[in-house]
Structure formats: structure tokens, C-alpha cells
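The listed protein sequences derive, respectively, from chains W and B.
Numbering-wise, my numbering puts 37 at position 37 of the first sequence, and it's gapless, one number per residue.
Quick note, my numbering runs 130 ahead of the 1-based positions in the second sequence.
Everything labelled a hint here was simulated from the structure, so no lab data went into it.
Positions of the beta carbon are idealized from the N, C-alpha and C atoms, including for glycine.
You may find that some hints are simply not true.
Restraint ranges, calculated between C-beta atoms of paired labels, are given here [what the hints assert, rightly or not]:
1. E57/W to S216/B: 24 to 30 Å
2. A200/B to I24/W: 35 to 41 Å
3. S188/B to E105/W: 47 to 53 Å
4. D96/W to G205/B: 29 to 35 Å
5. A43/W to A141/B: 43 to 49 Å
6. R114/W to A194/B: 47 to 53 Å
7. E105/W to P169/B: 39 to 45 Å
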Amino acid sequence: MSVARSSSMWPTMTQGERRFIHAIDEIVAKPGEGKALLDDYMARYAPGARERGLHLEQVLVSPPMWLDDQSNTLTFRWSIADTGGWWQMRFVGGNDPAVAAWWTEVDARAVSRRRFFAVEPVDIEGVCDV
Amino acid sequence: MFKLTRLVTLADPARLAPLADELRALARMHEAWRTLVAPTLPGSHFGGDLLAHFVFDSAGQRDAFGTALAPLLAGNAVDGADYQGSPDGKQAPDLANGVYRVLLLSVDDGTDPESVAQFEAETRMMPHYISAIRNWQLSRIEAAIGERRWTHVWEQEYAGAEGLLGPYMLHPYHWARIDRWFDPECPERIVDARLCHSFCALEASIL
Chain W
1 MSVARSSSMW PTMTQGERRF IHAIDEIVAK PGEGKALLDD YMARYAPGAR ERGLHLEQVL
61 VSPPMWLDDQ SNTLTFRWSI ADTGGWWQMR FVGGNDPAVA AWWTEVDARA VSRRRFFAVE
121 PVDIEGVCDV
Chain B
131 MFKLTRLVTL ADPARLAPLA DELRALARMH EAWRTLVAPT LPGSHFGGDL LAHFVFDSAG
191 QRDAFGTALA PLLAGNAVDG ADYQGSPDGK QAPDLANGVY RVLLLSVDDG TDPESVAQFE
251 AETRMMPHYI SAIRNWQLSR IEAAIGERRW THVWEQEYAG AEGLLGPYML HPYHWARIDR
311 WFDPECPERI VDARLCHSFC ALEASIL
């Protein structure tokens, strides 16, 4: 893995063309809210996230049916090109009041929520070698 | 140690060198134990043009200095903090010709104390994972001035700016772990988005 300075202001660790950083949103919707929350996420949040450089790799719904009296868990896995892309996403999203307002709304419609970042085990040594 | 830090954005940039001299002279008059007054380096963000940091033996000395300092800084935009620094870690007590970095941050009013304690504990572990941080202190602020009611000051020393701009920013313990306390997209966020990130050249360790 190489560490390089990008032409932008962001520090960058690259790994060829692989998008090796994953951003995962895990949302436990309030009972009966799962389908509507998924639709809103895809219509109102996902386009902006794509503009910030995230690529939506996978959407999962658990259990695999829409519940009206219990919670569905929605999982969204995004990929990010490198640490420079991560900081770009973070800076742009973190300074957009509309993004913060979106998550405030989601938190009101969710029982709980997590966002976390991950890499495959094979990438751990490289990502820590800074 | 009783500390006072000011990040000064000058109304008149030509005043940088004369004001720095005046601050150093005032610090000598008030018998500051340690003094660092230096122009900030490119890459600082809301970090001012001049970074001024002073350490005193007593709160009384520090507060008297702060009172005398205020007229010298009048007319400029100033963010700053008064606090009691306690040594957290010193891997390089003889560090010379390095970089001093300070982050002023504001934890939301009403944040539960357990979350604040966890944020502080995890932040103090950064040097464990990011060896470029040579000396460090995380302190709660007693008195703040500026754009926010600053609650914490996170000070570090590096062998050079590359340690701050490289390993500190690139290591996953920073962006994939600590940053969730700062990121409005993460439910754990407790820190206001407005931060003062300032760094300058350092002749000898002051932490």
C-alpha cells in the first residue's frame, strides 16, 4: 500500500483502483417504518452521498419481510476509494446542514442507529501503516 | 501547570511580529514558566495568524497575565482558553525543532458525563496507536473566549508537520474511531462542528 499526497487538500492512502474503505449504516426502524425509511433513504440521502464520492454496494433488510408491528433493520454498505475520499466525504457532509437535518429526522424515526467504517482483514496492516 | 492559550487573527497582518514581541515581553514580566508565541503554519483552520501559549505556576499568575494581555489583543479576533494542564504523556521530553498543535473544541451542553468521559479516554489513547504524537495533553477548559464556549483543549507535539498531516490524519484510529464524536452523520457525535485547529513551529517541548 502506498501513501501519497493527492492533488487536493486531503491526505490520501491509495490501494490501486480498489475502493477499500466501507461505510456502513445500520438503522433499526421504528415498528412499521422500515419500508418508508428505506424509500426515503434511497430518494433523499443516497443521491447526495453519491455526490460526496460514496458508492452504494449493498442494501439489506432484516428480517426479509416488511413488519408493521415490529422493527426492520436496514443496512447500507457504501464503499469509499481511499482515505482522501473518506476525508472529502467527511468534510463536505459534515459541513452541510441538510445532511445533519436528515440524520436528525432519521433518529426520530428509528429505534437505534449505527454508522461505522471497516476494511477487509487483508487491508488492516496496510491501512495502519501510516 | 496553569495554562493560557490564544489564537489571534490579526486585524492588521503587519502587526504580527510587533505583537509577538509585545506578548513575549509581557510574559517575561509576569514570569511565565513557559512561553510559545509563533505564527501559525499553513493548514491551520480557524487557527488564527498567531498562536500564543503560556504556562504559569499558579492560577493567580495566569489570571493576572490574562487581564494584562486583553488590551494588547483588543481589536483582533481571538479564540482562547484558560485551563489547568496535567501531563498525559511525554514520549519525547527533549523534542526540539518540532511542531506544536492545539485543537479547541466544544462539547454540546447537556451531553451525558459518561459519553464525555469515554470521548476523553479514547482521545487520550490516540498516541498509543499513532506514534507520531510525541507529547500530548487533553484538558478541560476553565474559561473560554471566542466563537464557541470551548470545553476541551487537545494539545500535541510532533517531530514535524508531516507527523500531524500524515499519520495523525491517515491512521484509522483517528478517522474510523475518534472522529465519530465529531461527525454529524454519526449518532455518537457530541462535539460542535466549529473547531480551532492551529499549529506552529516549536523550538523545544512545552508540554
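Consistency of the hints with the structure:
{"no.": "1", "hint": "E57/W to S216/B: 24 to 30 Å", "result": "45 Å, violated"}
{"no.": "2", "hint": "A200/B to I24/W: 35 to 41 Å", "result": "49 Å, violated"}
{"no.": "3", "hint": "S188/B to E105/W: 47 to 53 Å", "result": "50 Å, holds"}
{"no.": "4", "hint": "D96/W to G205/B: 29 to 35 Å", "result": "34 Å, holds"}
{"no.": "5", "hint": "A43/W to A141/B: 43 to 49 Å", "result": "48 Å, holds"}
{"no.": "6", "hint": "R114/W to A194/B: 47 to 53 Å", "result": "49 Å, holds"}
{"no.": "7", "hint": "E105/W to P169/B: 39 to 45 Å", "result": "44 Å, holds"}
The earlier numbered hints that this structure contradicts are 1 and 2.
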